[in-house]
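Colleague: Chains A and B, in that order, are what the protein sequence lines are.
Numbering follows our numbering, in which position 222 of the first sequence is assigned residue number 222; successive positions increment by one, without gaps.
Here our numbering = 1-based position in the second sequence + 405.
Keep in mind the hints are simulated off the structure, nothing from the lab.
These numbers come from a predicted model, not from an experiment.
Hints may contain errors.
Said to hold, decoys possible - Distance windows between CB atoms, simulated: (1) Ile441/B x Val184/A: 22 to 32 Å; (2) Gly443/B x Thr389/A: 25 to 35 Å; (3) Ser414/B x Gln333/A: 25 to 35 Å.
Claimed, not checked - Here chain B is said to cover these stretches of chain A; the calculated rule only asks that three of the stretch's residues, wherever they fall, bring their Cβ under 8 Å from a Cβ of chain B: (4) 40–54; (5) 252–264; (6) 346–356.
By construction, the Cβ of each residue, glycine as well, lies at the ideal position given by its N, Cα and C atoms.
Next come the chains, spelled out residue by residue.
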Amino acid sequence: MTTLEENAGPVNDPTTDFNIFDPEFVRDPYPTMEEIRESQCPIAHSGRWGGSWFPTRYDDVVAIAQEHDIFTSRDIIVVPRSAAAAEGPYAGVAAPPITSDPPDHHWHRRLILPVFAPQAVAKYEQSTRDLCNQLIDKFIAKGEADAGTDYAQQIPVRVIATMLGVPTEMADEFTGWVRGVLEVGLTDPKVRLESRLKILKFFQAQLDDRKKNPRENDLITDLLNSGDKYPVTDQYVLGVCNLMLVAGIDTTWSAIGSSLWHLAQHPEHREQLRANPDLWPTAIEELLRAYSPVTMARIVDRDTEFQGCPMKAGDRILMSFPAANRDPRQFEQPDEVILDREHNRHVAFGSGIHRCAGSNLARLELRVSLQVWLERIPEFSLIDPAAVTWAGGQVHGPRVCRVRF
Amino acid sequence: MRVRVDEASCQGQQMCSIAAPEVFGSDELGHATVLIVGDLPVELHAKTRRAQANCPEDAIIIEE
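Just chain B, same shape as in the assembly (with noise of 0.2 Å):
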């Protein structure tokens, strides 16, 4: 699994980070960044789908 964020629909509302603080960061603007550079471990698969799943943008863009 690899996760990018869609830049044009990020509007910073954190809800990644706040589900997935291992894969999410923020940028200088507060927009998500992606941490984990690759394929993601197993174990936080889960997790990031949840950041997904509570984006209210749709801005989270899963890869598998």
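So that you can see chain A by itself, here it is in the shape it has in the complex (with noise of 0.2 Å):
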């Protein structure tokens, strides 16, 4: 049950049936995530993709991602993965720390933390204004640009490529690769598995350099020489590259994507954000609430019942955090932007030990990009909304967004 045919078919009842590649629910989830919240059955269950449950009120989805022991991280992917065997010497290769639990994920997370602290990230600022401007010079005379490919799917490759010291020139082959893991790859094995080795081929090459030619201020490096500290494997450090790849590029492009998107329908929005420059903190994580990019999976370490459903070991959760930050309990008027919202406790980043690592370097690329584009291109509306295309299952956003100024 993992391609696109074997999954086909209308939902009658997405409480029992949903379907998270439905064209529609790809497009626009929060009408179906709306219908599931509001109805006697919160939690979904669909036999679709594997099976998965589907939490969409903000309580239940922070209470399985506090409860680490019984919701375990070890897959985190929306759908099954692929037999272990076709990966070769591969298969033991994770993404940690957000696929490693307690008590590895302790140390897991420490050693990659600080360079994703806010003073740490502070560091690529002028250099992610220098790219979006350069982005912007390429196609600001012609009047019309893609918003998606043209500016916001530029942007996190680059930035994660510098921080890793891997080639900046590779970017369209590392987006290539990570498309392959996240979006086109979830229901189509083959193209997953491929693009999977090509990651981690990729990277185990560049962790033999580093061991022949150590390199100075270089994350890699400074990961294989961490042995004094943690118990530090190739492993390991292979399994932290993939993670930044995969987990910083698709991710942090759509909520670029999905911000511009709205500011090109929202004249007073961007309005706003002239007028008032201290705003864009608050205006940042309003947009990271309404358009929560990610959503990622637990898997049931043993037999539990939670809140009434009978989950079984095994089974697959996914955290809907987009569904969580549109919950009216939560949020007034949650399907309205409201750049100056006072209260805004958003999980888009997660909630407890497995909080994105990267989400300081997210709201520095977003900021950024955003208040590049504004001062650059002040007003600007979509050329065709319907002709918008989006990605969706693990990582919602837009992917080709035309617009004219």
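Could you use the hints to bring the two separately framed chains together as a complex?
Modeller: Here it is, written out as structure tokens:
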């Protein structure tokens, strides 16, 4: 049950049969989330895609995230993985710390948190600003652009490549690999496996190179040299590189794209940001809430009952942070974007021990990319709202999003 | 009003430093720190309450 054909077919009742890859759900998931959230069955279950639970209320999603002992992160992809045998020497490579459980989770996370602290990511602000300006230079004279492929898609991949010390010229290849894992590959296991192996082979070569030629101020070298403090293995370092590429590109790209899609349709919000630059940090949190890109999975460790749902060991739970962030029990007027929203306890970056390690970098990229866009292109609109295409399932955001200015 | 961060609960969401940058900072791991020792100036009380309300981990403890 891993292909589009096997899982196609109309959804009559989303509480018992939801389909996260249904084209309508991919485009606009919020009405379905609301239907489930307000039903008698706010934690839906579907047999599609290997079977999964789908909590839609804020309190339930947060409670599951906090119970990391029962709801483990041994697999965080929203569909079942391919057979390990097909991955050969890379079968054991995960994506620590996102795929780690305690006790290893502690040091898996401890090692990478310092590079993502707010004061650490601040050093990427100017280079990100320069990158955004260079991208806009290429299309500003044309009077139109694809805010998705010409802009949003181009930014996080280069920031992450810079952080990892790998060639930014390979941005298109990295993007293709990541889409192969997180988008196309979720409904096409062959593409997913091929893309995963490309990523791991690439980073294995990078590790081998660093061992022969250690570099100064280099994340991969530093991780390889952390063995005096923690039981670091190649497999761990390979997994961290895998995570940074896979989790650091599609996600932030989607947040930037959704925000531009929103701003293209809301001149009053563009004006509000121009008139009040102090609003930016609050506005970024609101855009993250309203257009949270990421859904993660958890795997149930042992049979348990949660909110009346009989969950079995091995069951998959889809942690719909997008649904949680639109719950009216937690947010007033949840479907409205209110850029100066005062109370915003959103969980776009998750909750508990797996809070997105890259959240501060994502915020920086989102803010800078939107600021530069609005400085250079203050007025813009969608060329054809119906022609905007979306990715969904694990990461939700626009892909083709043509605008004129 | 005084404020502290429950280190066991804080996961480094940084929502507090966004709501009240004068009151909250970040340690080497990106977890929250309190920048003001002792009583908070009255003009920062509202912001600090907002920081508490916005913390998804319930890690901000206010003592009045």
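Colleague: A separate judgement is required for each hint: does it hold in the structure or not?
Modeller: Now for the hints, and whether the structure bears them out:
1. Our hint of 22 to 32 Å for Ile441/B and Val184/A is violated, since their Cβ atoms are close to 50 Å apart.
2. Here the CB-CB span from Gly443/B to Thr389/A is close to 55 Å, at odds with the stated 25 to 35 Å.
3. Between Ser414/B and Gln333/A the CB atoms are about 29 Å apart, so this pair conforms to the stated range of 25 to 35 Å.
4. For the region 40–54 of chain A, the stated coverage by chain B is violated: 0 residues have a C-beta nearer than 8 Å to a C-beta of that chain, whereas at least 3 were required.
5. Under a criterion of three residues with beta carbons nearer than 8 Å to beta carbons of chain B, the stated coverage of the region 252–264 of chain A fails, only 0 such residues being counted.
6. With 7 residues having a beta carbon nearer than 8 Å to a beta carbon of chain B, the region 346–356 of chain A meets the requirement of three or more and the stated coverage holds.
When each numbered hint is compared with the structure, violations occur for hints 1, 2, 4 and 5.
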